[in-house]
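Kindly generate the complete structure, drawing on both the sequences and the hints.
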Amino acid sequence: MCLAIPGKIIEIQAAENELFRVGSISFDGMLREVNLAAVPEAKVGDYVLVHVGMALNIIDEDEANKTLDYFRELDQMDNEPDNDDLTD
Amino acid sequence: MKYLDEYRDVAIVKRYLEKLHRITTRNWSIMEICGGQTHSLVKNGIVDLLPEKITMVHGPGCPVCVTPVELIDKAIQIAHRKDTVLCSFGDMIRVPGTSGSLLKAKAEGANVRVVYSPLDAVKFANQNPGKKVVFFAVGFETTAPVNALSLLQAEQLGLKNYFMLTSHVLVPPAMDALLQDKESKINGFLAAGHVCTVMGTKQYLPIVNKYKVPIVISGFEPVDLIQGLLKCVDQLERGESKLDNQYARVVNKEGNLEARRLIDEVFEVVDRSWRGIGVLVNSGLGIKEKYRHLDADNNYKSEFAGSVEDDGCMAGLILRGLRKPRQCQHFGKLCTPENPLGAPMVSSEGACAAYYNFSYV
Numbered sequence: 429m430c431l432a433i434p435g436k437i438i439e440i441q442a443a444e445n446e447l448f449r450v451g452s453i454s455f456d457g458m459l460r461e462v463n464l465a466a467v468p469e470a471k472v473g474d475y476v477l478v479h480v481g482m483a484l485n486i487i488d489e490d491e492a493n494k495t496l497d498y499f500r501e502l503d504q505m506d507n508e509p510d511n512d513d514l515t516d
Numbered sequence: 177m178k179y180l181d182e183y184r185d186v187a188i189v190k191r192y193l194e195k196l197h198r199i200t201t202r203n204w205s206i207m208e209i210c211g212g213q214t215h216s217l218v219k220n221g222i223v224d225l226l227p228e229k230i231t232m233v234h235g236p237g238c239p240v241c242v243t244p245v246e247l248i249d250k251a252i253q254i255a256h257r258k259d260t261v262l263c264s265f266g267d268m269i270r271v272p273g274t275s276g277s278l279l280k281a282k283a284e285g286a287n288v289r290v291v292y293s294p295l296d297a298v299k300f301a302n303q304n305p306g307k308k309v310v311f312f313a314v315g316f317e318t319t320a321p322v323n324a325l326s327l328l329q330a331e332q333l334g335l336k337n338y339f340m341l342t343s344h345v346l347v348p349p350a351m352d353a354l355l356q357d358k359e360s361k362i363n364g365f366l367a368a369g370h371v372c373t374v375m376g377t378k379q380y381l382p383i384v385n386k387y388k389v390p391i392v393i394s395g396f397e398p399v400d401l402i403q404g405l406l407k408c409v410d411q412l413e414r415g416e417s418k419l420d421n422q423y424a425r426v427v428n429k430e431g432n433l434e435a436r437r438l439i440d441e442v443f444e445v446v447d448r449s450w451r452g453i454g455v456l457v458n459s460g461l462g463i464k465e466k467y468r469h470l471d472a473d474n475n476y477k478s479e480f481a482g483s484v485e486d487d488g489c490m491a492g493l494i495l496r497g498l499r500k501p502r503q504c505q506h507f508g509k510l511c512t513p514e515n516p517l518g519a520p521m522v523s524s525e526g527a528c529a530a531y532y533n534f535s536y537v
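Here the protein sequences line up with chains X and U, keeping their order.
For the first sequence, our numbering assigns the number 429 to the initial residue and increments by one for each residue that follows.
For the second sequence, our numbering assigns the number 177 to the initial residue and increments by one for each residue that follows.
Quick caveat, the hints were computed from the structure, so don't treat them as lab data.
Because the structure is a prediction, the values reported are computed rather than measured.
It cannot be assumed that every hint is accurate.
Below, a list of computed lysine-lysine pairs in the DSS-like style, where the Cα atoms sit at most 27 Å apart [unchecked claim]: (1) U:Lys418 to X:Lys494; (2) X:Lys494 to U:Lys258; (3) U:Lys361 to U:Lys500; (4) X:Lys494 to U:Lys378; (5) X:Lys494 to U:Lys219; (6) U:Lys429 to U:Lys258; (7) X:Lys471 to U:Lys477; (8) U:Lys386 to X:Lys436; (9) U:Lys464 to U:Lys299; (10) U:Lys178 to X:Lys436; (11) X:Lys494 to X:Lys471; (12) U:Lys464 to X:Lys494; (13) X:Lys436 to U:Lys429; (14) X:Lys471 to U:Lys358; (15) U:Lys429 to X:Lys494; (16) U:Lys358 to U:Lys418; (17) X:Lys471 to U:Lys429; (18) U:Lys388 to U:Lys358.
Computed far set for chain X versus chain U, every beta-carbon distance over 10 Å [claimed, not checked]: (19) Glu439; (20) Leu459; (21) Asn463.
Quick reminder that beta carbons are idealized off the backbone N, C-alpha and C, glycines included.
Here you go:
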């Protein structure tokens, strides 16, 4: 039920009312209309996390990269030298 | 697909797993809260690759599974009304009530319509002013903003024919109840990432402080889950209990303030009955007085009060993490996704369905 997937904003349609603000979101090429009421600062090109027709948040690219940089933290975790860092 | 593929990288998962095996020295039981996480762990075979000392306990984070049988019976009653169309998420329609499901009711001629979003139900109501449309709103905090939005949209459009049957539940009270359960042996949690996208991380601090249990907010892809486990096991091995956030690409401390504003406008915290668990104080959301005219509970009275659980199903024990699906005598025999005895076998987030579909029976 809490399934949510990332998609890219292709277009934002003009809306008279913020409750009805929608954008065209691409999920790997498949387009769907998604409500953007909860992400007023979202702009074309942003990736948003979409749950049952509503964007819940804008995906933070820096944080996304940090998650993949976790190997450095791991090395500190068990104090082992680690020479084959996959994030390079 | 960006933000999915890189978190499914087999090489990274293998590296993380090696680390996890190296740092695990003692027995730990770790609960993943969300049924979506359960499915990812089982579907991707992760549960079978973990160190033997780590036991994953599957949590109650399946809203379809914890929706009380009384509400399913009520939804079925509503769907049988000639003037009404009952709209529901697809998962919900196969969950057994006292006698049959919404799917069975549909086969008998009831007006049941599966929608992708409550916003689609509002559109349908707008296009069909001669019909009453009731949306069966189940879900955790993740789904609350969109359900709230649907009521606000209906209000804005001046619709007189859109109503909501609400069964909203909240995660922190359930975690509190699980930790108070004397049978429970949970050492740490992977908290539900998308719930926290809406609500933020800070509402878990009181639980960390009260029970001295590590909570790591985690995503849903294999890399996310194993990273969450590493962060949790690392704390346990060091004797620490902290709140950590593995899913920072969409989760921050305060959550999404706009989404929370929508929830606060429409809903208030109420006591809720959880299927298989019982009534938990302040564990759900109900529609505020201001919008009570849109509440299906207010507009449709129950015609009978004889809802009964199937006593062959041990869903309550499964949902509290006290039994695994394979420990049920009916699993894969009397109880299958085609003929479920209980909700965990139905839902795409139910633990029994995860084991049935992606693991050996």
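Outcome of the hint check:
no. : hint                 : verdict
1   : U:Lys418 to X:Lys494 : 20 Å, holds
2   : X:Lys494 to U:Lys258 : 55 Å, violated
3   : U:Lys361 to U:Lys500 : 14 Å, holds
4   : X:Lys494 to U:Lys378 : 21 Å, holds
5   : X:Lys494 to U:Lys219 : 26 Å, holds
6   : U:Lys429 to U:Lys258 : 47 Å, violated
7   : X:Lys471 to U:Lys477 : 45 Å, violated
8   : U:Lys386 to X:Lys436 : 40 Å, violated
9   : U:Lys464 to U:Lys299 : 23 Å, holds
10  : U:Lys178 to X:Lys436 : 9 Å, holds
11  : X:Lys494 to X:Lys471 : 23 Å, holds
12  : U:Lys464 to X:Lys494 : 41 Å, violated
13  : X:Lys436 to U:Lys429 : 24 Å, holds
14  : X:Lys471 to U:Lys358 : 49 Å, violated
15  : U:Lys429 to X:Lys494 : 17 Å, holds
16  : U:Lys358 to U:Lys418 : 22 Å, holds
17  : X:Lys471 to U:Lys429 : 23 Å, holds
18  : U:Lys388 to U:Lys358 : 16 Å, holds
19  : Glu439               : 18 Å, holds
20  : Leu459               : 14 Å, holds
21  : Asn463               : 6 Å, violated
Violated hints for the displayed structure, listed by number in ascending order: 2, 6, 7, 8, 12, 14 and 21.
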